[in-house]
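Peer 1: This is what each chain is made of:
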Amino acid sequence: MSLTQLAGIFLAAILTENYILCKFFGICPFLGVSKKLDTALGMSLAVTFVMVLSTAVTWPIYTYILVPKELDYLQTLVFILVIAGLVQLVEIILKKYMPSLYNALGIYLPLITTNCAVLGVTMLVLDKGAQDPSFGYIASLVNAFGAGVGFLVAMVMFAGVRERLESCNIPESLQGLPITLVSASLVACSFLGFNGIVDGLLK
Amino acid sequence: MGEKKPLIKEFTKGIIKENPVLCLVLGTCPTLAVTTGVSSALGMGIAATAVLVCSNSVISALRPVIPNKVRIPAYITIIAAFVTIVQMIIKAYAPSLDEALGVYLPLIVVNCIILGRAEMFASKNGVAASALDGLGMGIGFTAALFIMGSIREILGAGSWFGLSIPIISSSPMLIFILPPGGFFVFGMLMAAANKLNSKPVKKQKDINCAACPMSGNCNKLKEGKECG
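So the protein sequences, as listed, match chains A and B. Here the first sequence stands for residues 4 to 206, numbered as in our numbering. Here the second sequence stands for residues 125 to 352, numbered as in our numbering.
Check before you lean on any hint, since a few could be wrong.
Derived DSS-like pairs (lysine-lysine); straight-line CA-CA distance at most 27 Å [claimed, not checked]:
| hint | chain 1 | residue 1 | chain 2 | residue 2 |
| --- | --- | --- | --- | --- |
| 1 | A | 98 | B | 193 |
| 2 | B | 215 | A | 131 |
| 3 | B | 137 | B | 215 |
| 4 | A | 131 | A | 38 |
| 5 | A | 39 | A | 98 |
| 6 | B | 141 | B | 319 |
| 7 | A | 38 | B | 133 |
| 8 | B | 141 | B | 248 |
| 9 | B | 248 | A | 72 |
| 10 | A | 98 | A | 38 |
| 11 | A | 39 | A | 131 |
| 12 | B | 133 | B | 319 |
| 13 | B | 319 | B | 193 |
| 14 | B | 193 | A | 99 |
| 15 | A | 131 | A | 72 |
Quick caveat, the hints were computed from the structure, so don't treat them as lab data. Keep in mind that this is a model prediction, so the values were computed, not measured.
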């Protein structure tokens, strides 16, 4: 795989296949921790890290152990356990070395395990690999990293939008989550505009 | 627990008062992703309900055996096993549904509703109560998905269950099927639920956040703030 193709995969994962705004993965943390810029940043960094790490582990497990032994129906079970273990590891490290970040992320840290973005990316890269044999290990890792950065971009952008929302005069029944979802819809609209841009840039 | 409370209450609370999607805001990812059509929304709802009922009963039955420290991995393993079974059944008997749901089918494992109910309800209550709780929550989830799917398919594709509707189908509003439409319809539905909830039951506001299955370890609740 050439470098241009890898760059294309990376950009596509951020812009046109944005995991939050186009694929609806990881909506819970998106709505939950995007209130403040710093927690949004910490959460997305943790998610990016877990995403790349779990893709790096699950890809060889699937390709070299599960498929040759015809155990690929165990995919869901094996992947979620690997991710749960990795999240536990990140949690222990954060608790020990960065207690302030640990306190800020609170409930959402163990919930990275149940963040569909992480499990989603490990499965989607395998789907892509099945369709296109040239989409190998490196491409999968780049895709996972791009998905994490896309997650970060959406979270940080949206945290900015939400900080502005707080000073707005909003009708009573729309206050809180409803108006947040409506603004998320507008942000998602703007991401629709990126359709085709990656192909245009690199070809 | 649970013996004195009428079992029927465990069943009905999930449908309206504590509707997992509209009131507790759990399981939002599949809600937004598979509701581009009514049939895929309904299929997802039924699959999730089946997993929820099975996992809730098994976790409740195994609760004396599972050590407290490793309970979350144990729950996830049980849930993943049931998801794999449901996935195999759907692949065998409804391959078109399998195609429509795609990667979101295995992702039922990480649906917060299921782990949330396991953690907050099934780990503390008897088998019968847990199964009913799962069924109620599952039906509430399916109902919310069904409503979302209907709105999006009617407005966005001009059809319902694939049957085209006369006037609308000539110029459907495509945006409702695209991601932004999903967020928008969800926001509007939640606003409607807020409006309906605020008038007749004023006490509801206090319950709102405490009813969240994560309330036990929710930092925001301890700080006295609203969730989300």
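Peer 1: Each hint should be assessed against the structure and marked as holding or not.
Peer 2: Results for each hint:
{"no.": "1", "hint": "A:98 with B:193", "result": "holds, 17 Å"}
{"no.": "2", "hint": "B:215 with A:131", "result": "holds, 20 Å"}
{"no.": "3", "hint": "B:137 with B:215", "result": "violated, 32 Å"}
{"no.": "4", "hint": "A:131 with A:38", "result": "violated, 34 Å"}
{"no.": "5", "hint": "A:39 with A:98", "result": "holds, 21 Å"}
{"no.": "6", "hint": "B:141 with B:319", "result": "holds, 13 Å"}
{"no.": "7", "hint": "A:38 with B:133", "result": "violated, 35 Å"}
{"no.": "8", "hint": "B:141 with B:248", "result": "holds, 21 Å"}
{"no.": "9", "hint": "B:248 with A:72", "result": "violated, 39 Å"}
{"no.": "10", "hint": "A:98 with A:38", "result": "holds, 22 Å"}
{"no.": "11", "hint": "A:39 with A:131", "result": "violated, 35 Å"}
{"no.": "12", "hint": "B:133 with B:319", "result": "holds, 24 Å"}
{"no.": "13", "hint": "B:319 with B:193", "result": "violated, 41 Å"}
{"no.": "14", "hint": "B:193 with A:99", "result": "holds, 19 Å"}
{"no.": "15", "hint": "A:131 with A:72", "result": "holds, 21 Å"}
The structure shown violates the earlier hints numbered 3, 4, 7, 9, 11 and 13.
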